[in-house]
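*Asks:* Please work from the sequences and hints to get the whole structure.
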Amino acid sequence: MLNASLTFLLFMPLAAGVSMLFEKDDRVVRWISLLITSAALGISLMFFFALSPSYFSFGRWLLHVDIPWIDSFGAHYSLGLDGISLVLVVLSTLLFMLSVLASWHAVRERVAFFHAMLLVMETGVLGVFLATDLFLFYLFWELMLIPMFFLIGVWGHGRRVYSAVKFLIYTISGSLLMLLAIIGLYVIHGRQTGQYTFALDALTGTQVSPTVGLWLFAAFLIGFAVKVPLFPLHSWLPDAHTDAPTAGSVILAGILLKTGTYGLLRFGFPLFPQAAAVFLPVIFSVCLIGLFYASWIAYAQQDIKRLVAYSSISHLALVVLGIAVWNDAALAGSVLQMVNHGITTGALFIMVGMMDERAHTRDINAFGGIWSKAPALSAFLLLFILSSLGLPGLNNFAGEFLILVGVFRAHPYLAAAAFAGIVTTLIYLLRLAQKVLFGPASHDGEFRDLSFRETAILLPLAALVLIIGLYPNIILRKIEGPVRGLTTIVVKAAPSGGGRLP
Amino acid sequence: MNGQSLFALLPLSILGIGSVVLLLGGAFVPSAGRKSLTLIGAVIALLSAFAAATYSPEVTDVAGFVSVAGFGRLITALAGIVAFLSLFLSTGYTGRRPLGMEEYPSLALFAAFGMALLGSAISLLGVFLGLESMTLALYILLASNRSDPLSGEAGLKYLILGAASTAFFAFGLSLIYFATGTLSVQESMRGLVSSGGLGPLGMAGWAMLLVGFGFKVSVFPFHLWAPDVYEGGPAPVVAILSTGSKTAAFAAFLRFALASTDGWGSLVPVLWAMAALTMAYGNIAALTQDNVKRLLANSSIAQMGYVLVALIAAPVSGGTYAVFYLIAYTAMDLGAFGVVAAFSGKDRDLGDIESLRGLGFVHPFRSLVLAACFISLAGLPPTVGFIGKFGIFYSAVKAGYVYLAVIGIMTAIISVYYYLRVVVYLYMRPIEESPSPAAQAHVMPRLDMAGAFALAVVLAAIVTLGVLPGWALNLVASVTGNGAL
Numbered sequence: 005m006l007n008a009s010l011t012f013l014l015f016m017p018l019a020a021g022v023s024m025l026f027e028k029d030d031r032v033v034r035w036i037s038l039l040i041t042s043a044a045l046g047i048s049l050m051f052f053f054a055l056s057p058s059y060f061s062f063g064r065w066l067l068h069v070d071i072p073w074i075d076s077f078g079a080h081y082s083l084g085l086d087g088i089s090l091v092l093v094v095l096s097t098l099l100f101m102l103s104v105l106a107s108w109h110a111v112r113e114r115v116a117f118f119h120a121m122l123l124v125m126e127t128g129v130l131g132v133f134l135a136t137d138l139f140l141f142y143l144f145w146e147l148m149l150i151p152m153f154f155l156i157g158v159w160g161h162g163r164r165v166y167s168a169v170k171f172l173i174y175t176i177s178g179s180l181l182m183l184l185a186i187i188g189l190y191v192i193h194g195r196q197t198g199q200y201t202f203a204l205d206a207l208t209g210t211q212v213s214p215t216v217g218l219w220l221f222a223a224f225l226i227g228f229a230v231k232v233p234l235f236p237l238h239s240w241l242p243d244a245h246t247d248a249p250t251a252g253s254v255i256l257a258g259i260l261l262k263t264g265t266y267g268l269l270r271f272g273f274p275l276f277p278q279a280a281a282v283f284l285p286v287i288f289s290v291c292l293i294g295l296f297y298a299s300w301i302a303y304a305q306q307d308i309k310r311l312v313a314y315s316s317i318s319h320l321a322l323v324v325l326g327i328a329v330w331n332d333a334a335l336a337g338s339v340l341q342m343v344n345h346g347i348t349t350g351a352l353f354i355m356v357g358m359m360d361e362r363a364h365t366r367d368i369n370a371f372g373g374i375w376s377k378a379p380a381l382s383a384f385l386l387l388f389i390l391s392s393l394g395l396p397g398l399n400n401f402a403g404e405f406l407i408l409v410g411v412f413r414a415h416p417y418l419a420a421a422a423f424a425g426i427v428t429t430l431i432y433l434l435r436l437a438q439k440v441l442f443g444p445a446s447h448d449g450e451f452r453d454l455s456f457r458e459t460a461i462l463l464p465l466a467a468l469v470l471i472i473g474l475y476p477n478i479i480l481r482k483i484e485g486p487v488r489g490l491t492t493i494v495v496k497a498a499p500s501g502g503g504r505l506p
Numbered sequence: 006m007n008g009q010s011l012f013a014l015l016p017l018s019i020l021g022i023g024s025v026v027l028l029l030g031g032a033f034v035p036s037a038g039r040k041s042l043t044l045i046g047a048v049i050a051l052l053s054a055f056a057a058a059t060y061s062p063e064v065t066d067v068a069g070f071v072s073v074a075g076f077g078r079l080i081t082a083l084a085g086i087v088a089f090l091s092l093f094l095s096t097g098y099t100g101r102r103p104l105g106m107e108e109y110p111s112l113a114l115f116a117a118f119g120m121a122l123l124g125s126a127i128s129l130l131g132v133f134l135g136l137e138s139m140t141l142a143l144y145i146l147l148a149s150n151r152s153d154p155l156s157g158e159a160g161l162k163y164l165i166l167g168a169a170s171t172a173f174f175a176f177g178l179s180l181i182y183f184a185t186g187t188l189s190v191q192e193s194m195r196g197l198v199s200s201g202g203l204g205p206l207g208m209a210g211w212a213m214l215l216v217g218f219g220f221k222v223s224v225f226p227f228h229l230w231a232p233d234v235y236e237g238g239p240a241p242v243v244a245i246l247s248t249g250s251k252t253a254a255f256a257a258f259l260r261f262a263l264a265s266t267d268g269w270g271s272l273v274p275v276l277w278a279m280a281a282l283t284m285a286y287g288n289i290a291a292l293t294q295d296n297v298k299r300l301l302a303n304s305s306i307a308q309m310g311y312v313l314v315a316l317i318a319a320p321v322s323g324g325t326y327a328v329f330y331l332i333a334y335t336a337m338d339l340g341a342f343g344v345v346a347a348f349s350g351k352d353r354d355l356g357d358i359e360s361l362r363g364l365g366f367v368h369p370f371r372s373l374v375l376a377a378c379f380i381s382l383a384g385l386p387p388t389v390g391f392i393g394k395f396g397i398f399y400s401a402v403k404a405g406y407v408y409l410a411v412i413g414i415m416t417a418i419i420s421v422y423y424y425l426r427v428v429v430y431l432y433m434r435p436i437e438e439s440p441s442p443a444a445q446a447h448v449m450p451r452l453d454m455a456g457a458f459a460l461a462v463v464l465a466a467i468v469t470l471g472v473l474p475g476w477a478l479n480l481v482a483s484v485t486g487n488g489a490l
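Respectively, the protein sequence lines represent chains A and B. According to the numbering used here, the first sequence is numbered sequentially starting from 5. According to the numbering used here, the second sequence is numbered sequentially starting from 6.
Honestly, the hints are just simulated from the structure, not real lab data. A quick note: this is a predicted structure, and the numbers were derived from the prediction, not measured. Among the clues, some could well be false.
Unchecked claim - Reference listing, derived: stretches of chain A covered by chain B, where coverage requires no fewer than 3 residues with Cβ under 8 Å from a Cβ of chain B:
(1) 147-153
(2) 157-165
Said to hold, decoys possible - Beta-carbon label-pair distances, calculated as ranges:
(3) G198(A) x L166(B): 47 to 55 Å
(4) R101(B) x E450(A): 55 to 63 Å
(5) I22(B) x D29(A): 48 to 56 Å
(6) S213(A) x G157(B): 56 to 64 Å
For glycine and all other residues, C-beta sits at the position ideal for the given N, C-alpha and C.
*Replies:* What follows is the structure, encoded as structure tokens:
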């Protein structure tokens, strides 16, 4: 029964999205979208609270569906929910619901098409977090691209078409390389065992020759790193964020980037532990470069949205660092940080959208002293800025701290460098707070404070910032079992001696 | 030839006789009623497809000439469906143009007859007859828009280059007959092999055959005719040319290839280079096209490169994925040209990509079909194009042609750009931003019922086969795999 509800949760948004594609009445569309996304959030919260933590261990999915799908490929319709997927599913359904609310007044044209794209993307995203069959995973992985392409290209601002195409070409290039690696692994496994399958559990133990393994892992790494995005492959992200509508930015930063890090920890590292060990120096360096470089660029931004976009690159670099050292503490911290970043950055993008609706600009210099005009809005903004820079007691601190502890255990110097990288985020975020909230009022016109709808959007996010900050166990309890499962299989798969992950 | 084998020819006869009856009988129909002959032709084509799909018991050898079994039936059914859909897509188009009295549906049926024969033939002569009857009908159809000089140019180009390639093909067949002394495809292909490779005569014969096949399916370096012919020919005719004729030619090619896998190794280097260059050339050339039909022509060249990859791998990993991709491609390209035809006004076919600007929200259905076709051509899920491309790359890797698969992936990345460019024009470039708003103001023709039905069928096929391809893959595997050919 619960297993069937997983499928229901997955396809409900798609079915609703497709069926209201040609609906003329905008109000109907908005309310149905809100209803569907709330229902999805309700189902995922039910999973979150109803399923007891004792279930959580690797190999024993909390919920599992497995039905043969394309028998000539050996592909299965196979979904698995464990603690890691669970928290990401809850995060996704929450942010999709908030995106619908955030677009209530901002999107006025082609409303039905917009919400249809949003809902189709929700299915794609949930599918990515739930699929345990590589073929199915790839299908959902690409399913989420097309709606995002439309969101940016049709409802975006500025150079929206350029940004949409850039986003699509970057991500598709990465994912097509990954497709080739998936086929390669599939054929190698099929030759070895005579059983052609895409099932993650079966493929995890595949013995790949070291050279081939390097190529395959490199393809996976590029596919996921584009999405994260890691340092040299990041240049699509600022454009896509800047030109996307608010809902697009929220989904992009809050969820789509997480699919990249999720892919690394669910597929990339467990499938090729030896090859991953060889790549570690590369991954470490691009993460460190990303941490500093993105902060530096963020400091130079005049556009608030672009600044937040660059801050995502630096935050996600830390998450990948935590995944790459691959021990319990760091991995748990990374998963927690994925959730935290979704909440905080999602909230920041929503707030930038609200400020843009009021002032019709996102230039950092156009704002100033808005605290006196809109205290509630300013208080929320300050809270999310403080959360983003990792103030103790707020959510990001818990995640960053765990990652640093894990990294320190493996490589103390790396932890020191990463810590320095985190400090740099202080500089640009405090500059943002100082310029926008305080100082002389540079914006003459009226600046409304939050409406009821806007408060309703921000309140749950602010509550989560505090709850996770003060009691991170609410998330950690769910993910510790699966995280331990992941770390043990990779260590088991790697031979003793050379080529081990630290 | 007994009664049963004569009866087995029913699907082919329906197409052939139907074509003649339409042509002769059409002369007695008053000119007001002749428009409905297109629909009658479509029904005849559908009947033939139905007969091919349901025919039993199978007869694998009718007078040593054709085989009405598995693979032949599949290609016959496909030819019938292509003719049916393209005639349905033509009704609105021919209503606006000075073409399409009785000869138009009659020739379309005749072309379908040629395709069916080409796919079913098991004798060298049968293959030649099929190829010729198909192309002959297409020569005339391409030039049938007499008021448009481009149409005449298209017909002439196809005729001259086609005749040259036919000469090569016929010479290749006679060399093979000379070397082996048999007209059976299977026996002659086996006869060409000596000590694990092709003998000198076999090589010469295959070289000539490759010229012939290469021209019909427009692979590098025999592709040069495609953009001009596609641009000039009437869109529904180009739909047949691009889908049915290439599928049938590839079907015959596959029959030759699978007849004897021992000699295949001698051909692989040449075919490998042809496939790589075709994918690279087609996709790169399409990047700069601003004319939708020329873009589709170059895209079609590139797509044939992908089929060629699967064909190279066919002796190792089976012809299933080549044939499945051809089916997928048939649906996608029929849809694309169908929408082009539906957007083509009285004077000219839809040309400049600019004229698609902003249509996504003005003509949602046609734009949706066009966007779905292009997304599928780009190989993105959840469309049949993705499953097809997956099959291609899978069969290539499985057969050990990893570099070919890598080249295929790289060129597929390039192709995403120009395929999505069309989607960008449909949905992301508003009409108001047009450089010449006056030119944009012209009204697109209405979509008639038959056209809408055909487009809906194509859209349903693209999505259904993209999500649930299992049964189709099994069906194709059952008629191509394990020496079924």
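*Asks:* Are there three or more residues in the segment 147-153 of chain A whose C-beta lies within less than 8 Å of some C-beta in chain B?
*Replies:* holds (count 4)
*Asks:* Please test the hint of 47 to 55 Å on the beta carbon pair from G198(A) and L166(B).
*Replies:* 48 Å, holds
*Asks:* Taking 55 to 63 Å as the stated bounds, is the beta-carbon spacing between R101(B) and E450(A) within them?
*Replies:* Since R101(B) and E450(A) have Cβ atoms about 57 Å apart, the given range 55 to 63 Å holds.
*Asks:* Does the Cβ-Cβ separation between S213(A) and G157(B) fall within 56 to 64 Å?
*Replies:* Between S213(A) and G157(B), where Cβ atoms are some 60 Å apart, the hint holds.
*Asks:* For the segment 157-165 of chain A, count the residues whose Cβ lies under 8 Å from any Cβ of chain B; is that count three or more?
*Replies:* holds (count 4)
*Asks:* Okay, I22(B) versus D29(A) on CB: inside 48 to 56 Å?
*Replies:* 54 Å, holds
Every hint, counting from the list given before, is met by this structure.
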